[in-house]
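All chains, full assembly: derive it from the sequences and hints.
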Amino acid sequence: MQEVIELEKRLLEPAIRRSRPLHESLLHPEFVEIGYSGTEYTREDVIVSLVSCSGIEDKFFTRDFSLGPVTESLCLLTYKSASVQELGEMHRFAIRSSIWKFEGGRWQLRFHQATPVVEGFSTIT
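In terms of the UniProt record's numbering, the numbers along the sequence shown are unbroken and rise by one, the last being 125.
Keep in mind that the hints are not guaranteed to be accurate.
[Claimed, not checked] Below 35 Å or equal to it, Euclidean Cα-Cα: the simulated DSBU-like pairs (lysine-lysine) are: (1) K9 x K59; (2) K80 x K59; (3) K101 x K9; (4) K80 x K101; (5) K9 x K80.
For the record, the hints were derived by calculation from the structure and aren't laboratory data.
The structure displayed is predicted, hence computed values, not measured ones.
Encoded structure:
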């Protein structure tokens, strides 16, 4: 299951975020995301949005990863994140939850949610 944390981190890397083949491989066909804004997105919504964002080099700071089994083929990953601006200032703090499914010999992301934290990490330690 530790592989799931590495896969999640890969999805946050700027170059990989624009890779359609990688997203098609890692996002389950029934993937759903509830974004930072509270909007629900389908797999295709997410892929099209990320692949078309040329020039955007979002960087993420992450911490406090917690991973545990839900069933034999599902695990829940939670962690804290923030977007990092060009000068290193953090904003868009969130607590993130991902459900990963092991199917066909590989892990795929089935569900993701980002819950905003207005005050930053100091309030969610």
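Now the hints, each set against the structure:
1. K9 x K59: The hint holds at about 11 Å.
2. K80 x K59: Given that 35 Å is the threshold and the Cα spacing comes to 14 Å, the pair holds.
3. K101 x K9: holds, 16 Å
4. K80 x K101: holds, 21 Å
5. K9 x K80: holds, 12 Å
Going through the hint list in order, the structure satisfies each hint without exception.
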